[in-house]
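S.K.: The numbers in my numbering rise by one with no breaks, and the one at position 389 of the sequence shown is 575.
Take these hints with a grain of salt, some might be off.
Using 20 Å as the maximum straight-line C-alpha spacing, the simulated SDA-like pairs for lysine to any residue come out as follows [to be verified]:
1) Lys559 with Ala586
2) Lys335 with Gln275
3) Lys396 with Ser351
4) Lys340 with Tyr290
5) Lys335 with Asn295
6) Lys204 with Asp641
7) Lys650 with Leu452
8) Lys289 with Ser330
9) Lys507 with Lys630
10) Lys696 with Leu298
11) Lys230 with Asp585
12) Lys587 with Phe544
13) Lys199 with Glu430
14) Lys346 with Phe326
15) Lys289 with Gln334
16) Lys301 with Ser330
17) Lys627 with Gln505
18) Lys559 with Lys613
19) Lys204 with Glu442
20) Lys526 with Glu554
21) Lys613 with Ala224
22) Lys559 with Glu545
23) Lys289 with Glu333
Distance ranges between label pairs, derived from CB positions [said to hold, decoys possible]:
24) Gln195 with Ala598: 23 to 33 Å
25) Pro687 with Asn349: 16 to 26 Å
26) His416 with Ala598: 38 to 48 Å
27) Gly654 with Lys587: 20 to 30 Å
28) Gln191 with Ala489: 55 to 65 Å
29) Asp237 with Glu327: 53 to 63 Å
30) Asn278 with Lys507: 50 to 60 Å
31) Glu554 with His412: 51 to 61 Å
32) Glu643 with Asn279: 37 to 47 Å
33) Thr189 with Gly654: 21 to 31 Å
34) Ala598 with Ile521: 40 to 50 Å
35) Thr523 with Ala484: 49 to 59 Å
36) Asn385 with Lys584: 19 to 29 Å
37) Thr189 with Ala489: 52 to 62 Å
Calculated from the structure, these hints are not laboratory results. Predicted model, so just to flag it, every value in this text is computed and none were measured. Just so you know, even glycine gets a beta-carbon here, dropped at the ideal spot from N, CA and C.
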Amino acid sequence: MFTDQDIKQLKSKGITVKGVEAQISRLKNGMTFSNLVAAANIGKGIESYDDNEVQEYINLYEAKLSKLSIVKFVPASGAATRMFKFLFQFLNNFEASKLSIKKYAERNNDSLIVKFVENIDCFPFYNEVISKIKQTQPNFESLSDDEQKVTFVKTMLDAKGLNYSFLPKGLLPFHRYEDQVKTAFEEHLFESTLYAASNGVANLHFTVSKNHQLYFSNTLNKIREHLEAHTKTTFNVSFSYQNEATETVALTNENEVFRKEDGSILFRPAGHGALLENLNTLNNDIVFIKNIDNIVVADRNIAVSNYKKLLAGVLVEAQEKVFEYLHKLDAGDLIDTDFKVIALFLRYRLNVPIAANFEDYSSQEKIEYLKEKLNRPIRVCGMVRNQGEPGGGPFWVKDAKGNTSLQIVEFAQINFSKRNQQGIVYKATHFNPTDLVCGIKNYKGEKFDLLKFVDTEAAFITTKTQNGVDIDALELPGLWNGSMAYWNSIFVEVPLETFNPVKTVNDLLKPVHQGI
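Work out the full structure, taking the sequences as your base and the hints as a guide.
M.R.: See below:
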């Protein structure tokens, strides 16, 4: 199947022939769907706390803060292109000589372009775009209103203009304040001081593309001194790239490996599951994970960040109990009541079902069983009420061995052709806003090898278009889906206001993204 040139290409990426053959086999055989048992909801997989309990967990985390090594992990490599999709469509289809923007929007049922042009001066990048236009088009003021709007969009997106679509989301102007404009990258630095800084130091790790790291580094150099003085915090910022060895092949409709025009194999980034390798390099006690575009303006962020402390407090409490029990199991001096208490903790605190015949095990078998279940990475995930947002959600899932566990499942992993699976989805009350706090060290202070806790069967197969050709593409098990399948999980309800992603540029018009 592979030429000498192919094998040379594989070696250059650190990919084995055996690994590619496994990918091809997976693509040909189809993905394994999750077997949903039930939707997780309040009292059955999702915890909900009153105000007093929330404050107790916040206090617990704050009391432990100075003794913890904390890092904020932010996937930030995504290009901003999709944010501007409707604007590219507008530029491609709009002909000013034939229609006004208003008539164009009516004819094409394009409410997005209407909202954009009607609120154009409210965007955080408005002044930057206008300034760029005036440098290159001295007659801008004499243009008609529609012509000015088209010129504005072109200047934003064109390579000869500001080239926003080339930039990652993290480096776009996100929020405008009275005296300055801030990127999402800068807002994440500020946010880290609210809940992820310890002893005056905030550690942040951003996964970026190679093409963009210099831009991130330059931005950091420009803002670091002022931000550190303002927040009285030292920022320890690191970057990493998605490992080329995690890239995957794609197949054509004829089940042949898709190749580029030069005959080389097309390798594609394998989704956010590839970032597990980046996460696995960290060596901190606690890792906060949050997407780059889920960030609000500073004055709103203080309240939102309390819920990060809540999740961290839940993690600290659970982790301390896990470590206590594991040390006790190591000592080996346990009575029957001890086994029952630990089993109940696993079942009702860590959502780990216990084997039906557990009581029949010998003492040594019970010790080994409980240690294997307890000694795993822990994640505490915020869950918000489902308001029709796209994305994965919390479900009870049964694996091929018959074991049931609490998982975050994407819609792509669900077989909607089965009515019982549909019915479970329709009963779901919450969805996953990608708001996690993770414990990645064991009770001896050693870092877990996170690659050992992945469900490799949870890979995704998606249909994409490459050069006008439909292809089947393979994505690794999602970072918070199959990549964390064998972690111990606690899901906690958090308010909807903690979830404020920017999927299209118009989302920047929402109050949570308006600084003035």
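S.K.: Can you name, in rising order, the numbers of the hints this structure does not satisfy?
M.R.: 18, 27, 36
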